[in-house]
Amino acid sequence: MAITIALAGNPNSGKTTMFNELTGSSQHTGNWPGVTVEKKEGRLKGRREVILQDLPGIYSLSPYSPEEIVSRSYLVNDRPDAIINIVDASNIERNLYLTTQLLELGIPVVVALNMIDVVRKTGDEIDAKKLAGVLGCEVVETCALKGEGSVQAAERAIALAKNNLTNSAEAHTSSLSIRRTAFSSEVETARDSISGLTSALEKVKDKGEAYGRWLSIKLFERDAEAAKDAGITESAEGKRVLAAIENITASLEDALDDDSESIITDGRYNYIADVVRKTVKKKDAFALTLSDRIDRVVTNRILALPIFAGVMFLVYFIAVSTVGAWGTDWVNEVLFGSLVPDGVASGLESLGTADWLNGLILDGIVAGVGAVLGFIPQMLVLFVLLAFLEDCGYMARIAFILDRVFRRFGLSGKSFIPILVGTGCGVPGIMASRTIESDNDRRMTVMTTTFIPCGAKLPIIALIAGALFPGSMWVAPSAYFLGIFAILVSGIMLKKLKRFSGKATPFVMELPAYHLPTASGVLRTMLERGLAFIRRAGTIVLAATVLVWFLSSFDTSMHMVDTVDSMLAVIGDKIAVIFSPLGWGDWRAAVATITGLIAKENVVGTFGVLYGFAEVAEDGAEYWPQLVAAFTPLAAYAFLAFNLLCAPCFAAIGAIHREMMDVRWTLFAVGYQCGFAYVISLIIFQLGRLFGGGGFTAGSAVAIVFVLALIYMVGFKKPYAAPAAERLTAAPAADIA
Amino acid sequence: MKTLRETANGDRVTVVKVHGEGPVRRRIMDMGVTKGAEVLIRKVAPLGDPVEINVRGYELSLRKDDAGMIEVV
Numbered sequence: 056m057a058i059t060i061a062l063a064g065n066p067n068s069g070k071t072t073m074f075n076e077l078t079g080s081s082q083h084t085g086n087w088p089g090v091t092v093e094k095k096e097g098r099l100k101g102r103r104e105v106i107l108q109d110l111p112g113i114y115s116l117s118p119y120s121p122e123e124i125v126s127r128s129y130l131v132n133d134r135p136d137a138i139i140n141i142v143d144a145s146n147i148e149r150n151l152y153l154t155t156q157l158l159e160l161g162i163p164v165v166v167a168l169n170m171i172d173v174v175r176k177t178g179d180e181i182d183a184k185k186l187a188g189v190l191g192c193e194v195v196e197t198c199a200l201k202g203e204g205s206v207q208a209a210e211r212a213i214a215l216a217k218n219n220l221t222n223s224a225e226a227h228t229s230s231l232s233i234r235r236t237a238f239s240s241e242v243e244t245a246r247d248s249i250s251g252l253t254s255a256l257e258k259v260k261d262k263g264e265a266y267g268r269w270l271s272i273k274l275f276e277r278d279a280e281a282a283k284d285a286g287i288t289e290s291a292e293g294k295r296v297l298a299a300i301e302n303i304t305a306s307l308e309d310a311l312d313d314d315s316e317s318i319i320t321d322g323r324y325n326y327i328a329d330v331v332r333k334t335v336k337k338k339d340a341f342a343l344t345l346s347d348r349i350d351r352v353v354t355n356r357i358l359a360l361p362i363f364a365g366v367m368f369l370v371y372f373i374a375v376s377t378v379g380a381w382g383t384d385w386v387n388e389v390l391f392g393s394l395v396p397d398g399v400a401s402g403l404e405s406l407g408t409a410d411w412l413n414g415l416i417l418d419g420i421v422a423g424v425g426a427v428l429g430f431i432p433q434m435l436v437l438f439v440l441l442a443f444l445e446d447c448g449y450m451a452r453i454a455f456i457l458d459r460v461f462r463r464f465g466l467s468g469k470s471f472i473p474i475l476v477g478t479g480c481g482v483p484g485i486m487a488s489r490t491i492e493s494d495n496d497r498r499m500t501v502m503t504t505t506f507i508p509c510g511a512k513l514p515i516i517a518l519i520a521g522a523l524f525p526g527s528m529w530v531a532p533s534a535y536f537l538g539i540f541a542i543l544v545s546g547i548m549l550k551k552l553k554r555f556s557g558k559a560t561p562f563v564m565e566l567p568a569y570h571l572p573t574a575s576g577v578l579r580t581m582l583e584r585g586l587a588f589i590r591r592a593g594t595i596v597l598a599a600t601v602l603v604w605f606l607s608s609f610d611t612s613m614h615m616v617d618t619v620d621s622m623l624a625v626i627g628d629k630i631a632v633i634f635s636p637l638g639w640g641d642w643r644a645a646v647a648t649i650t651g652l653i654a655k656e657n658v659v660g661t662f663g664v665l666y667g668f669a670e671v672a673e674d675g676a677e678y679w680p681q682l683v684a685a686f687t688p689l690a691a692y693a694f695l696a697f698n699l700l701c702a703p704c705f706a707a708i709g710a711i712h713r714e715m716m717d718v719r720w721t722l723f724a725v726g727y728q729c730g731f732a733y734v735i736s737l738i739i740f741q742l743g744r745l746f747g748g749g750g751f752t753a754g755s756a757v758a759i760v761f762v763l764a765l766i767y768m769v770g771f772k773k774p775y776a777a778p779a780a781e782r783l784t785a786a787p788a789a790d791i792a
Numbered sequence: 070m071k072t073l074r075e076t077a078n079g080d081r082v083t084v085v086k087v088h089g090e091g092p093v094r095r096r097i098m099d100m101g102v103t104k105g106a107e108v109l110i111r112k113v114a115p116l117g118d119p120v121e122i123n124v125r126g127y128e129l130s131l132r133k134d135d136a137g138m139i140e141v142v
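So the sequence lines, in the order shown, correspond to chains A and B. Heads up, the first sequence is in my numbering, so the first residue is 56 and it goes up one at a time. Heads up, the second sequence is in my numbering, so the first residue is 70 and it goes up one at a time.
Hint data in this document are derived by calculation from the structure and do not stem from the laboratory. C-beta: ideal position from N, C-alpha, C; glycine also. Heads up, some of the hints might be wrong.
As the list claims (entries may be wrong) - Between beta-carbon pairs, the in silico distance windows are:
#, chain 1, residue 1, chain 2, residue 2, range
1, B, Gly137, A, Ala255, 42 to 50 Å
2, A, Ala310, B, Val142, 22 to 30 Å
3, B, Ala77, A, Asp133, 42 to 50 Å
4, B, Val142, A, His570, 29 to 37 Å
5, B, Ala77, A, Glu210, 49 to 57 Å
If we strip away everything but chain A, and leave its shape as in the complex, we get (with noise of 0.2 Å):
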């Protein structure tokens, strides 16, 4: 007989380390439907007949946030056979708060009192046995980081999902009569006449006594959420019972001069007070801890900024100037650079393949495989270094010092890393948004991240820079300007159109206690988000790659050709019409960009074939005499400014792909980048050739009304607002749009 367990708790209770200790390596990663919440599940050891299930890191079941919607969704519709509730033992009063809330669903429930060992250290005393007396449920001490007691909680939670799917009936009722001291008398008298009115509906009588209860609780507080899924909204039977319900909240709410939200968190965190003075001795509650201490340097006013440029420092020079750059050249220009590539091609001539076939094989999937794991490396390192600073507790941290800034531009202070990581490399630097909560947040900064220059542009800096601004100290440096300024102007934009106005995650952010990390548990996370890439980026990589090397070897007769003759060229000849406004409708330009779509490098090594040099230097100085001959010097910084915000590579397409978990979203964020890289490009060749005495053209006049539409979105447009109708009836939920 197959038992499923919930695992649930709040972030920071040692949730992860305690799933990942139970299941070991039998974890399956997917996503909880219809949002980019991550669904983790897995098989207990030893006994694979037991499913875990590991819900997101929640603090409340409110209908709120994506991740507690998803959690109670699931604990009410699918109910699992029991609930192991992971408690963080040393923060236990707000802990407590969750549990409260679970102990209500009638599931079976465990109590993990984690990280005890922190609790006896402190010298504060839990009694465990009144706990679970007072509480009405089992408790377990555990100490996950150590392995100590998870197996134990996993036997209780079996033994009583057991018990409970035997004679349900009976242990449902004896443990809610303990339940019922949560709140005051005047709160269960309403919660009780609600329950009198909802008796009757469908799901109620399907789903039992304990649901009624939850549901009574949930229609007080006004959860629309709750109404909806219960059925209630919809028919005028329910809209009855809504409006009945309705006077039963707002007469109480009358007699104790508050709102039912609060009535309710009130008479939770009341009951808890009381539980916690019965079972806990503590000593000062407000004494300095050893977190307390780090804190009073980490983020001290004068030390914090200080402190964060040398962790960033650190961060960079690991991932992006050292041991991550090592990886990545090593597997671009040893690995695929000739190892693979000479050996299948030695493997293919032995063979006597067509040449077509060798083409496929070598330019196609071989580079494709290649720009899908030339990544890896690097990314691993700056998993490692990224998933040790959030269970170290200093994430949390960064986000605390730099919300003033980000804020600003729709960012979180969590912005930062990404970027930063993005002058090395776009891809790894999406990757990094993980680590941001708010949805918003990080889709806002998984469109702006590949804004910055990446390394791979810095060779088309080199190109333009030497080629025809010689000598010239403020090309790259410009370069980089652009970026900020693409990624600060998209960001006040963006964040006032209506698919960013949705949801704002509140920033009442916990600081958790700083902990060291377990080695297993960073290179776990390590692991999980470099597999995730390879599988959901590398087949878009692998595809777009084999296309476009198809486009640049064949004919339109499906003769294998050289690029000057190939569909590409026949392509970039037909578009670099539309590049004309921008001052560089040269076909080759055009095929470039399109090359540059495969890796940014190879804008400057098609430009070499296209002019006929079969090999070229990084910067391509063989072909300078010819560059000059075909763009002026605005023109070509047009080209340069196109090129480093369009479209990134299509690795970082799939990596965005990856993050965004959502095709409609992906296209959005391509399709933006491209267009402000228009935009802005118009704008310095147009405005540039004006005030170069170029005179006053119809182009000239598109850029000012593109300048102005820009200083509109960004100074006057106000933000989109959800009428008050929508915003009433409006349930957080599912929808991505």
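Following the hints, complete the assembly by docking chain B onto the known chain A.
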């Protein structure tokens, strides 16, 4: 009305009421800032916002605008 916004580092205050509405207010209350809760104002972030408080035995950070919704004595 005195709010959490008007307090100084090191102050110990008691929550009277959480004003406002919607998700932010609910989140503040879910995190344990409810009527009667004792709060210690720990510090202000280096750039002047947000603030860090100690409530129910743990450290919580919130923006000054949100702190302005929390009435205290």
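Taking the hints in turn, this is what the structure says about them:
no.	hint	in the structure
1	B:Gly137 with A:Ala255: 42 to 50 Å	holds (45 Å)
2	A:Ala310 with B:Val142: 22 to 30 Å	holds (23 Å)
3	B:Ala77 with A:Asp133: 42 to 50 Å	holds (49 Å)
4	B:Val142 with A:His570: 29 to 37 Å	holds (35 Å)
5	B:Ala77 with A:Glu210: 49 to 57 Å	holds (51 Å)
Violation of the numbered hints given earlier is absent; every hint is satisfied by the structure.
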